[in-house]
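Let the sequences and hints guide you as you build the complete structure.
In order, the protein sequences belong to chains A and B.
First residue of the first sequence: 900, per my numbering; consecutive thereafter.
First residue of the second sequence: 7, per my numbering; consecutive thereafter.
This list has only true hints and no planted wrong ones.
The following label-pair restraints were derived from C-beta to C-beta distances:
1. A:E1054 with B:S31: 52 to 58 Å
2. A:P1352 with B:G147: 48 to 54 Å
3. A:K1231 with B:T163: 50 to 56 Å
The list that follows gives simulated cross-link-like pairs (lysine-lysine, DSSO-like), each with its CA atoms no further than 27 Å apart:
4. B:K46 with A:K1231
5. A:K990 with B:K149
6. A:K1041 with B:K180
7. A:K1267 with A:K1216
It should be emphasised that the hints constitute simulated quantities derived from the structure, not laboratory data.
Every residue gets a Cβ at the ideal spot worked out from N, C-alpha and C, and that includes glycine.
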Amino acid sequence: MARTTKSQAYIIALAIIAGLILPGSFGDLVFAGGVAQDLLTAQEKSGKQIYVHGTSLGGRKIRAYLGESSLEVPGETMPCANCHGLDGRGKPEGGVVPSNLTWEALTKPYGVTRPGGRTHPPYTDRALELAITRGVDPAGNKLLNVMPHYQLSQEDLRDLVAYLKRLGKDRDPGLTENSITIGTTIPARADLAGIGQAIKAVTVAFFEEVNSRGGIYNRKIELKINETADTPITTSALVKRFIQDEQVFAMTSAFTAGADKELAALMDDLEVPMVGPLTLYPQGGYPLNRHVFYIFSGVDGQARALVNFACQRMPDKRAGVLVVYSDDEMAKGLLEAITDQCQESGCGPPETYGYPHADSYVPGFVAKLKQTSKSVIFFLGTGREAIALMQEANELRWSPTFYFPGVVAGNEILGAPPSFAQKIFFSVPSSPDDQTAHGTEEFRNLATKHKLPAHHLAVQRSVYAAARILIEGLKRAGKDLSREKLIQALEGLYEYPTGVTPAVTYGINRRIGAMGAYVVTIDLEKKQFLPASGWIDSD
Amino acid sequence: MLIKVLVMLFALMSAPATANTGAISSPRIPDTTVYDQNGKQLSFYTDLIKGKTVAINFIFTTCTTICPPLTAMFRKLQQDLGNRIGLEVRLISVSVDPGTDTPERLRDFAAKFKAGPGWTFVTGNKAEIESLLQALGAAVGDKNDHTPMILIGNDMTGYWTRAYGLTPPATLVKVITEAANRE
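As structure tokens, then:
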């Protein structure tokens, strides 16, 4: 039963991560963000903000006017990059071919002839200002009428022109002709040192292999590592400073548990792609955070798969289900996911009950549940609470089926009364079945060659998968790399086999690679976990 | 292909007064099941076209070059048509990329351009939206090649016409008013 042992190890490893959700204590430590070492000057940086986002770093107004009409919109509705692209070379759409705005193209000494036949001499700073504000080229010709003219302050205009001279040549931070800087974050807490070692060992080993084969388009991967802090807010500040100081291009397998929201928001803010953060709470909902690519479903995604599984097993879906929850933050989000998925699966709306605050209320509570004559319970609470409920139900000769979305910390559940044999189910985001023969062999070879630690194998596999996904994205993004191109390449991954996790798929609207779960059950006699289902998609 | 489109574009732009191409034969508009930007299920013909004068454009939310100007144009129409919007005239933006454009994405897009009541963004099942686009004469193989066209029609009279998407708003208002008032 090597398989069940592996499942168990995985569940326990994840349970450890689950136990880390730190209370959001907002200490009074304030970090004054690190020194930005952007490759651009302050003026160019301000110009880039206008070019990419249509907004002024100085907070000044930027307005866009379309055609000859009085059609006025905020600059952010039509920033330059919308049409001309982040690289300045133009994104043709609907028959509109935006000009190439790279400085070489604009200042060709022999002038420019546009596809429509319009010709003009080379641009100068002043000519560019006129093109932007009045919509005319250096020959005085009107520009295409889809090119808005902009109203912006002299200062912003000068900044924009300064940036246009760098456009197409400015590289994202962390990128040189022969290196790509990748960062990761490991937990600082002493009791999590093992996880930190696992992250570090696997990532170092994997990138060493990549580098020994010539790197990615002759660029070597340089790994930088930092550590978490005590609170989400200080961790976020530390990671911010780390990314800016070390010029990190992208992040892999960062340990974000406990600061999930903060770090995801930070990546979005700094526009740094992050692949495979270690967390049970992926922030994959709408509105989408474009910069963070998760591997596994969070507890809510798993809950949806579990609902599909449960509803399918019900002899009569109309009988409906119960949800029992403890009063915590995690339960609130889960309640919503379960309710929604029950409706989708046709077994629902569920009846929801809050778990009693005092043990003395449990018997009455269980009697009330029994009276509903329902026989399916989704339980969102601790193992201890579940056992108390089961024991009381046992007294009343009632044995409903229990479903636990995600993991229940602790091993108490193994002590459930025998009347619940084959009536306890959990969801897990990955199973040993995901490990292909080839994937297992490659991972084992890496482990042997680089003497990877023998502990935290589940964490190691997740870290390994993240590194593979990131490297695949970097390869697909091509030699002319940028963070944006990496994001687009990752969005193109469809059923990509990591060899050690379920295959991952991302898309414009999707940031969770393996959306779904497996269901496992417990053999109460042998105290073992057993697989109960194949992969259940929850997309 | 691109050159052809461009030539057409320039021809249209140089003569904004004749931006509409005159009456076209009235398209048979299917009652496709679609979803609006609030996720509400609608029947395209019954709920959006029947008995109304409409202006329909074609967009997708990841389109950044031509769609923002086209949408800004509709925003301007919404302002200029004032209280006639929703009553006799309806604005419709059909996504040509229904696979990506979820109602949520359309809602964000609509909010960005301050779309108000009487202006509906629609998406739906990929195959069904494709046949809808076919019926409206706006089907394209590659979404990036979609034509910046506005389809204007009056269901009561069966008068339909097309206009270039970036025709000056005043001209468009005239074309729409004409369609609404036409016997």
